[in-house]
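Can you make the complete structure from the sequences, with help from the hints?
2 protein chains.
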Amino acid sequence: MVDASNRTERMVASVDHVFSWLDNGSWSRHRFDPGIADFALGNPQELPLPGLVDALQRHAVPKDKDWFAYKFNEPGPRAVIADSLRRRTGISFEPGDIALTAGAFGGLGVTLRALCDVGDEVVFLSPPWFFYEMLIESAGATPVRVRLSPPDFDLDPDAIAAAITPRTRAVIVNSPNNPTGRIYREPELAALGRVLEQASARNGRPIILISDESYNRIVFDGIEFKSPARFYDATMTIYTYGKTTLAPGQRIGFAAMSPTFPDRRENEQRVTVHQIASGWGFPNALLQHAISDLEGLSIDIGALQARRDRMVPALREMGYDVTKPEGTFYIMARSPEPDDLAFAERLAEHGALVLPGTIVESPGWFRISLTASDEMVDRGLEAFRAVARVGAGD
Amino acid sequence: MVDASNRTERMVASVDHVFSWLDNGSWSRHRFDPGIADFALGNPQELPLPGLVDALQRHAVPKDKDWFAYKFNEPGPRAVIADSLRRRTGISFEPGDIALTAGAFGGLGVTLRALCDVGDEVVFLSPPWFFYEMLIESAGATPVRVRLSPPDFDLDPDAIAAAITPRTRAVIVNSPNNPTGRIYREPELAALGRVLEQASARNGRPIILISDESYNRIVFDGIEFKSPARFYDATMTIYTYGKTTLAPGQRIGFAAMSPTFPDRRENEQRVTVHQIASGWGFPNALLQHAISDLEGLSIDIGALQARRDRMVPALREMGYDVTKPEGTFYIMARSPEPDDLAFAERLAEHGALVLPGTIVESPGWFRISLTASDEMVDRGLEAFRAVARVGAGD
Chain E
0 MVDASNRTER MVASVDHVFS WLDNGSWSRH RFDPGIADFA LGNPQELPLP
50 GLVDALQRHA VPKDKDWFAY KFNEPGPRAV IADSLRRRTG ISFEPGDIAL
100 TAGAFGGLGV TLRALCDVGD EVVFLSPPWF FYEMLIESAG ATPVRVRLSP
150 PDFDLDPDAI AAAITPRTRA VIVNSPNNPT GRIYREPELA ALGRVLEQAS
200 ARNGRPIILI SDESYNRIVF DGIEFKSPAR FYDATMTIYT YGKTTLAPGQ
250 RIGFAAMSPT FPDRRENEQR VTVHQIASGW GFPNALLQHA ISDLEGLSID
300 IGALQARRDR MVPALREMGY DVTKPEGTFY IMARSPEPDD LAFAERLAEH
350 GALVLPGTIV ESPGWFRISL TASDEMVDRG LEAFRAVARV GAGD
Chain U
0 MVDASNRTER MVASVDHVFS WLDNGSWSRH RFDPGIADFA LGNPQELPLP
50 GLVDALQRHA VPKDKDWFAY KFNEPGPRAV IADSLRRRTG ISFEPGDIAL
100 TAGAFGGLGV TLRALCDVGD EVVFLSPPWF FYEMLIESAG ATPVRVRLSP
150 PDFDLDPDAI AAAITPRTRA VIVNSPNNPT GRIYREPELA ALGRVLEQAS
200 ARNGRPIILI SDESYNRIVF DGIEFKSPAR FYDATMTIYT YGKTTLAPGQ
250 RIGFAAMSPT FPDRRENEQR VTVHQIASGW GFPNALLQHA ISDLEGLSID
300 IGALQARRDR MVPALREMGY DVTKPEGTFY IMARSPEPDD LAFAERLAEH
350 GALVLPGTIV ESPGWFRISL TASDEMVDRG LEAFRAVARV GAGD
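Protein chains in written order, with numbering that gives the first Met the number 0: chain E, 0 to 393; chain U, 0 to 393.
Since the hints were made in silico from the structure, they are not lab data.
Just to be clear, a hint being listed does not mean it is correct.
What the hints assert, rightly or not - Output of the computed footprint for chain U on chain E, the stretches with three or more beta carbons under 8 angstroms from beta carbons of chain U: (1) 56-64; (2) 161-173; (3) 182-196; (4) 268-276.
Where is the CB? At the ideal position from N, CA and C, for every residue including glycine.
Here you go:
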């Protein structure tokens, strides 16, 4: 029995640095500056996809009286998603395995709350996505951090193995990775699968692999994305359509239980009750009707890759120590001065916004989002150049 | 310290009777019968409002690059809602008091999870809405049931007072009431306010009044709805636009903290973190853009009232013991036979669907939804007549 009181205080504390920066940091103070080049967040910097607007308008026209009635995990979207997953992973997902959620956020939250109990431990990898710790706390579980080593930030099965205890209930893996841009490869994923199988056997209950694949369609250089679900049975795959549509304000995604997941029927029921408790957290009717269109929509991945291929060498030429992402929207780079918050501030004053690494547990680094427009890249590179010179000259 | 483990099992258990009936009861087996008259749930039985379709199509057209970006508690919708609340209640709500949620469901969930801690008690009134108990359990709190007496189902401040303990953290009141159709009046609400003030003083911490006002614009006979928030400081008002639009699949509503709410700043932060944890549970961008239109949209309340005024006397003439609702979509009636599930089944075989009272903790009763079409009322009354005769003849 573990004390679960002050759950909300721990949740608030876990995101305090994020919201302090969003509310008062360089981004909030400079985002509306004229001519600013905004590389801070994975938000759109250009008008939405016409195909998205068209799909929303088309599916707003009701075909029957139930068009906007209460929607659940509806059979149509579940079938479209199971079919897409089968094609992409080779795993025989069925419609009943798919829980429809308000983006990846909803999928992560319901998975953690449905499958973890108070006192369970959940391993996450650092640098992490902003909200893993908060969502683990929301389940009453205990976050356990495993640090990945720069500059490669490779998946580290041994470090994960060392963090597992008899109380470990889940491990969250995010590939392609935000913020590092890494896509984990077969040998590391296979090793992780073995670690989890052995630990599950030792613990006498399965450790769940939560595979956050929000960016699995944003990959560069023709690399084949391999789902971690292919290497471990008890996997819940999390996805959102908000990255390929670049419309995170229209929320639809899913949590898909592998067909090999233990106690599938009971766990499906547990997930459903948390979908309901999260505020009838099924995607809105309009988005469920539009699912086949959303499956086919995507921002221009080639344009993102071209932006990467322009920025990485240009920044390196200026003296920045920059990683080359394999996927996602993000480039990680070392801050030229140890205080990345101060660097981000200085850069903002020169006309470009980035996410200071401190916000994603990576002090001394910063993150660049490739969702900026090409014109922002033009102006942004000038700002990076000016600040690099200042740094070098100090 | 209270054991919070098995939270999910308690949540599942609390809705088991609801889902068993939804999955296998008279409704699921007969809802697609040709010519069925469906009075079972508050779902639409006619095509959506043209004004809703128009608003969705119009606001799907982006006006800027941020149109479908991450949406939060956005200033525009907050201002529209605060203004509407000020006009309707006379209470000086400010935009910052409004948390935008995915319907009333989201508002109830985030309020309970943000403001209750493990081991707190939350009082709810029975007959209740289907999911109060589950949402209280989702917060790790303990549901405490207070039964209201038929046939009036009046608010009972003394019974609530008797249920309050030093651990009571909140009381949920739903007016206009689903399923009873009652609107609570000033003397009872004032008495409830006094009970909560005294108990809060005794407990040394405020008891929160959660005022679920989902149906506060669905009132009949020109009755003035009085918000419970007018009679008690520490009130959170919950609302959804899904009733007046009759589009519960397009989810937007709010939780509004009274300006007199204690520790407003801290509690706002607690609510926000649970909005995020519920799956970035802010309403979708499109609905936030459409809020001014949604404020002005409504199904025809006069038509609902006319349906009530047709069904109540007709059912009474057949010998049914029927309440006359003051608001909401619902009529409560006594089952002619003690087993309301068996009655609902028999009625379904004659062509009409109702909600058995057992599903809302009211065995021996059933609920009729006025969202049925007029044509369903024609056919439905025949079914009620046939079954009443059979009952009388047995």
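Review point. Of the hints stated earlier, which fail here?
Key: 2 and 3
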